[in-house]
Structure formats: structure tokens, C-alpha cells
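Starting from the structure of chain H, add chain W where the hints point.
Number of protein chains: 2
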Amino acid sequence: MTTVQDWQAKSWVASANEAGCGFPLQGLPYCSFTSEDNRSVRIGVGIGAEVLDLHALSGAGLLASLGGEVVSACCAAQLNALMGCGPEAWRMLRGRLLELLGEGVAAEQREMVAAALTPVADVRFGLPVAVGDYTDFYASIHHARKVGSLFRPEQPLLPNYAWVPIGYHGRTSSLVVSGTEVRRPSGQYRVAGAEAPVLGPTRQLDYEMEVAAYIGAGSAMGEPVGVTEAEGHIFGISLLNDWSARDIQAWEAQPLGPFLGKNFATSLSPWVVPMEALEPFRVRLAERENGMPGPLPHLQEGGDARSGVNLSVEVYLRTALMISDLLEPFRISAANCRELYWSFAQMVAHHTSNGCNLRVGDLIASGTVSGSAAGSEGCLLECTRRGVQPITLPNGEVRAFLEDGDEVILRGFCEREGFRRISLGECRGIVRAAVV
Amino acid sequence: MTTVQDWQAKSWVASANEAGCGFPLQGLPYCSFTSEDNRSVRIGVGIGAEVLDLHALSGAGLLASLGGEVVSACCAAQLNALMGCGPEAWRMLRGRLLELLGEGVAAEQREMVAAALTPVADVRFGLPVAVGDYTDFYASIHHARKVGSLFRPEQPLLPNYAWVPIGYHGRTSSLVVSGTEVRRPSGQYRVAGAEAPVLGPTRQLDYEMEVAAYIGAGSAMGEPVGVTEAEGHIFGISLLNDWSARDIQAWEAQPLGPFLGKNFATSLSPWVVPMEALEPFRVRLAERENGMPGPLPHLQEGGDARSGVNLSVEVYLRTALMISDLLEPFRISAANCRELYWSFAQMVAHHTSNGCNLRVGDLIASGTVSGSAAGSEGCLLECTRRGVQPITLPNGEVRAFLEDGDEVILRGFCEREGFRRISLGECRGIVRAAVV
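As they're listed, the protein sequences go chains H and W. Per the working numbering, the very first residue in the first sequence carries number 1; after that it's consecutive. Per the working numbering, the very first residue in the second sequence carries number 437; after that it's consecutive.
Just chain H, same shape as in the assembly (with noise of 0.2 Å):
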């Protein structure tokens, strides 16, 4: 069975047709939350300007047509049971949801469904996964030749880049959701020219705009994924902020790669939007660049293969003086995940194709996302030049890096003429003096 999306219908709640919503009835995105008036930890689902309430809406009997696994699954805190069930009963939850927010209901289901929505104002968001492995990839070719230019500007791609989609193992326990504050990290960097190291708050914190995958459907440890099945292992995605130490992580990072420069914390918005909400805007990946050889075939999608999204990614900065002077935050950059190099698909089956299992929660990020174009740069260390060149804030505040106060904002959504906009919601961190 599979559900049959009508991206034109409206929701009987109004602020879900709203213009410029990014939560209309075909979002639908899965988030886990508490309330004032009820503190046990819920999975929710977004609409307009409202969270329906999972577990209300099963203890009214709603979802029982969907069978006791699943209705158990959406009385859990956290997604993974409900990702454990499969994709089917992932499309059936979805298809079940459209028709009770959907205009068409009748009007005592529409009660009792009212009945278990809550004001998106007055929720508290917390990690919609108990993530087991979260792994980083680096699937941005325009990311990896800018920074690699300014550590290498003889080779600024290593020649593995085309052919292996680069990723590394990331730390799940310092995983925290949107609106958790980021305390600066202290820790050992070298001053060039000095031939000691010193331990201390990190002077080059940055950001890593990033889109991540929850992995729904596991795979058996031996079993590689197929890149055309690949895809049907994501239950959805969200947005990630990969905040980075980039003295301390210059200084580590050999020879085995980024540790103490990245798992201080790694920020997530509460929204997971389901694959199927993305389905009007998949498109394939950006033309491989002339001259780029590869990828081998067990990564080769089909020339007609939309593995790509159209999705649009933004990063705003606030500080504190911003803050204090209510202005606005200022989008530093906005970038295009269709201008990856590496699809999810590619990097799923690039993950497995040495047997390595994947499990149910298991999170997947795309690396920071950069695009082609100036003012498209992921990260401050590619804006900046490594902190070279400062940008100035429209107040005249400068930065090279971030400074205590400062609030980091990713925003991501898809919007295409004739459908209704997709938003990944927010994922928000404020970054706090350093413990001394």
C-alpha cells in the first residue's frame, strides 16, 4: 500500500494552509516533546502552528486500524520504535495522518483530533532519536576544495574524494537537541610558530551547517546495501550543526581524524521530515564536475536516479548585542544540498559495502554543506579564510570565529512552484563562556 499524496490538500487546522507555512499537511514531521500541562516525553507530529500529540491520538483509538505494534510504537518517547516497525507501516502511520488532519475527516474524529493538539509555543523539544552510531560524512566537493585550498593549496582535493564518499565515526552522548547551549571547549592547540602546545578555550569555534539521515530500516552485518535499495533505509531527515574547534581539531587531527575539535556537541533540530514529504523535490545530484573520474559501480546511480534534494540550507548569526537590541538575525550564508557530490543512497551503500551493520537510529550526516557560489560557504572557516578575512555584521560587530554569546541559527526547507513549502524547522545553539 502506499499512500497517495495529494500536495494540493488543505488541513482543517488553519495555520497549516497558512502562506509561507512550512508545516502544511504534507510535512508532517515527527518530533519527540513535553508539555507544561503534561511532562511525560511524547513523539509529536508538526502541523502549522500546532504539535499532534502521538500518543493522545492513540489512546482515542485513532490509530488502531494501523495494529498494536504500531500504536504501541507512537506511545514510545522516542522514534525508534516506530522506525523499528518498517517502511510500510512508516507509509500507513502517514497515510493515516493525512486522512484524520486532512479537510475531508469527519467531524468527531476532527474533535477528538483537536483534542491532542498542542500549541507548538508551548512545547519543549528533546531528541526525537536514541541515536547508536552517528557517523559524518564530508559530501560537499565545494566544502572539501575550499577548506583543502587553505591547508593545501597545491592539491586542495586529495584524490580519493571522487571515489570514496569520506565520513568518519562521530560521538553520540554529546548529541543534544535545538536550543541546548554549546559551552566553548577548552583544549590543547599550538600557536604557529610556537613548538609547545597550551590548554585553553578554544579561540576558532565554528559551525558546520549540516543535513543528517536517520537510518530506519538496519542491515545485517555482512550484508552490504545495494545504492538503489539505499534509500529505502532513511526514515527522514533533519539538520545538524557539527560545531567545531578548529585549533584544537588542527592540532589533533593526525593521523586519525577529528575527536575533542568536534564531540563537545553536535546540535539537532527536533523535526524529522519523513522521505515521503520530500518527494516533489528530489532531483538529481548536481552534473559530476568534468574531468572528476569515478565512482565505482557499486555507487553508480542511474542517470535518471533523483537521489538529490532540492533543499535549500541557511545559517544565521545573533549576537549578544543583537540579541539585546532585538535585531534580527543575519543570514551568513544559504547553500543547496542538490550541490552535493555524495547522495544519502551513495553514502548508505558506501557504509555497508563492508558489511558494517546499520541499526535503527542510526544518524547519518551529510558533512557541511557548501555550494559552488560565494555566501555559500557551511562553515566560518571557509567564510573567513580560517579566520583571515572577518566578516562585519550589519551592526559593525566582527567575526573571525565565534565569540561567547553568539546564537548560531540553521534554517532548511523546500519550496518549489505550484507545491507547498517543506520546512526542516530549526535547529538553534548559544554558545557559552568557556568554564575556566
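Please keep in mind that the hints were generated in silico from the structure rather than gathered at the bench. Keep in mind that a hint or two might mislead.
[What the hints assert, rightly or not] Derived coverage of chain H by chain W (criterion: at least 3 residues anywhere in the stretch with Cβ under 8 Å from a Cβ of chain W; other residues may be distant):
#1 162-173
#2 196-209
#3 291-297
#4 334-343
#5 358-364
[Stated by the list, open to error] Pair by pair, the computed Cβ-Cβ distance ranges are:
#6 Ser476(W) x Glu88(H): 25 to 33 Å
#7 Pro523(W) x Ser72(H): 51 to 59 Å
#8 Pro523(W) x Thr392(H): 48 to 56 Å
Yeah, the Cβ is synthetic: ideal placement off N, Cα and C, and Gly gets one too.
For chain W alone, coordinates are given in the frame of chain H:
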């Protein structure tokens, strides 16, 4: 309350008192197991040739004095809940087990305890701990130098080595318990001189002989753990084989470190030896070498800190031919953890120095343990100098890297005149052919 340890005491379990037995009363390592006549997964304790079932012991009321939280934790399938009870509980439980298994126990209790014993030969082990994050360090300077000399003869040791306990995040989904077969991974590698890589079964499959510490007491995000308090966060240690595909690793590892060359499988020994059992074997780490600078103050241990362990580790190989000819495994190398450059306390202090939080059940591995002497190389990469100098086995077989059907066996033990031998048990794995 501290357990009064009697390093000469005997157990009424006769096999525990035999000369050379590595599971005496003073050891009491923990495991997770099932048995033929009871398939439920339980926590056990090794004593002589027996496993003591803590669930059964709780059921008999013999742990009641420890309180409900500990009793409940002892009835779990893995050690996480028990570790979560905290160091004081660990000591109390160990004290109670020493009483119950010691010669002085009353006959009635002894009978009840005896009923909870199962021969080790009859049990099947599982992973003792549900690991949240797995970090692999690079704490052997001899390993770092010998491997470095293969790739950078002009600079075997990188400038950061003396300052930073180098580490990276590993994969938790593919942690497997000793005895699990390991499938030869396929992956991309590039043959010397070739322009393009190929996809195929690794031609350079290797083991890494490591020791790993389980975090039993976590730490909060943003709060560094001081080096003198760090060891209090460790519950116990095990053996770990960080299987590695050197050709895949070499091709993928720049710029973000090892990924598919490592994450297809990591084997763990079933036993977790509590830190208290290692007390007589604690030593200062070998002197820092002449001319080595550092570390910075936050990683400095007092001159009399016995942060090392006089722990012998050995790696044995048994080929398919040796198995069919009933030949004993051949010892390839032997090293000692007292030759590590960084202690587990320093690894924990470093890991948290940026505010990265540790959770109960996290795993921290030493990296390959190699010694200074010939014959103490902890991996084949070192032994055979990247395959250039293959080793010849007693039956005439030759190995540059591992072949299908090879069994790798790690063993670890502490020995000291006047004290009982404490074994870490074994970590075994047989290599199976790649799926083609």
C-alpha cells in the same frame, strides 16, 4: 566501606585454587551469558572453571544486604545497570562475592551458591555491556613509532604524540563478543602505481591487540574529569581486537581518519575484570623517554602514580591447516601494558577535557599494544613491515596478512611473585571468506 582484599585467600570452588588458574577468588570478572538449560541472558562472575549466576544468587536472597537497586541490577542481562549503581556498590558487591565464594562461608549458604554455578564450558557468552560510545586511542608509543616509520620514515612520530593522547571514535554496532566469526570485508583500495581504486575483498586483513576499559561512572557534559579522579570512573577492563583492513584504511583515511577499514567488526573478550582485582599489579608506566616533552599539567600524574598495569598481552594465530592438524595456536607476539605511553586515567582526562560527556557503558580502548622489544608487535602491519617481511609459522605456512580460516586469539594476564594469577581470558575470532 572498602573491601578488605585477602590476596592469598582460597575459595571452596576447588578449580579456583589450582596453580595457574587465572580465575581465582581474587579475580571475579563479570560476564553476560546464557546456558543450555537457561536461555535467558544473565550476568555471571567467573570463578575457577565455573560461572556464578548473579540472577540465581539474587533469587536465593543472597545479595539482599546490598539493597534493592543492586539486586535489581544483578538481575539484568548486561552490566550497565550494575555499573550505574556506582563505585561504592561495585565494592560492596565484590566484598559480598568474596564472602560467599571464600572458604569461610557457612555450609548452608555454600550449598545455595553452589546451585548457582555452571561450568564455563557449558555457557555461551554475549557482550557484557551495551556500549554507548566506543573510543579507540593510540596509547602505545612503540606502535605509533613503528607504524609511523612505515609511512613516514623521516618522521615516525608526529609532533603532537607527546602531548595529546591521540584517539578517534569507533563503531559500536559492529562490536562482537569473542568467538564471533569475522567476515573478510570488501572495500575500495588502490594498488600502488594505479590511478583508480578497485572494489574487492581486502588483501591486507590485520588484527590489533588492545586492552579496553569500560566506563562505569559517567561525567556531565561540560565538566572535565581531572586526571587524579579519572580512574574512579573505570569499572574494569577487557581484551579487544580492532580488526583492520590496511589497504582500505590507507586509501580512505585522509583527511578524516579510519572508517570502513575498521568498522566492519571489533571483537571483545567476554570477561570484564574489575579494577580492584588488578590492584597488586599496578605500576608506574615506563619512564617517559629522554627528550620527550610534555604532557601539559592537566595530564600530569604524580611521580608515584601507579596508573599503569603490569598486564601481559599475547596474540596467537591458528590457521585452518593448524586447526585441522590439531596443532596448538602459535604465539606471534607478547607485549606488556606497562609500556603504554598514556594511562587510561590520562585518556579519560583528555577525553573529557573539552567537556565531552562520558556515559555508563562507554568503551575506551588503548589502541594496539606493542612493546619496545622485537616480538612485541601488536599487529601484522608492524610484524611484517606492511607485508614486506612475512612471518613463517612452525608448520611452514607463511603470513603477510590474515588468510581466510585463520583464527586470532588474544590472551591477557597479570602475574606477580606471591600473588595469584589474574586472567583476562581470551578474545577469539576466525576469519571467514568475503561475500562475493
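Quick rundown of the hints versus the structure:
Residue count for the segment 162-173 of chain H with a Cβ under 8 Å from a Cβ of chain W: 10. That meets the three needed, and the coverage hint holds. Requiring three or more residues with a Cβ within less than 8 Å of a Cβ of chain W, the coverage given for the segment 196-209 of chain H holds, as 4 such residues are present. By the rule of at least three residues with a Cβ nearer than 8 Å to a Cβ of chain W, the coverage given for the segment 291-297 of chain H holds, with 4 such residues. Taking a C-beta to C-beta cut-off of 8 Å, the segment 334-343 of chain H contributes 0 residues in contact with chain W, too few for the three needed, and the coverage statement is violated.
For the segment 358-364 of chain H, the stated coverage by chain W is satisfied: 3 residues place a CB nearer than 8 Å to a CB of that chain, which reaches the threshold of 3. Look at serine 476(W) against glutamate 88(H): about 32 Å separates their beta carbons, and that is inside 25 to 33 Å. A hinted range of 51 to 59 Å is violated for the C-beta pair proline 523(W) and serine 72(H), which are about 37 Å apart. Distance hint check: the CB atoms of proline 523(W) and threonine 392(H) are about 53 Å apart, consistent with the given range 48 to 56 Å.
Checked against the numbered hints listed earlier, the structure breaks hints 4, 7; every other hint is satisfied.
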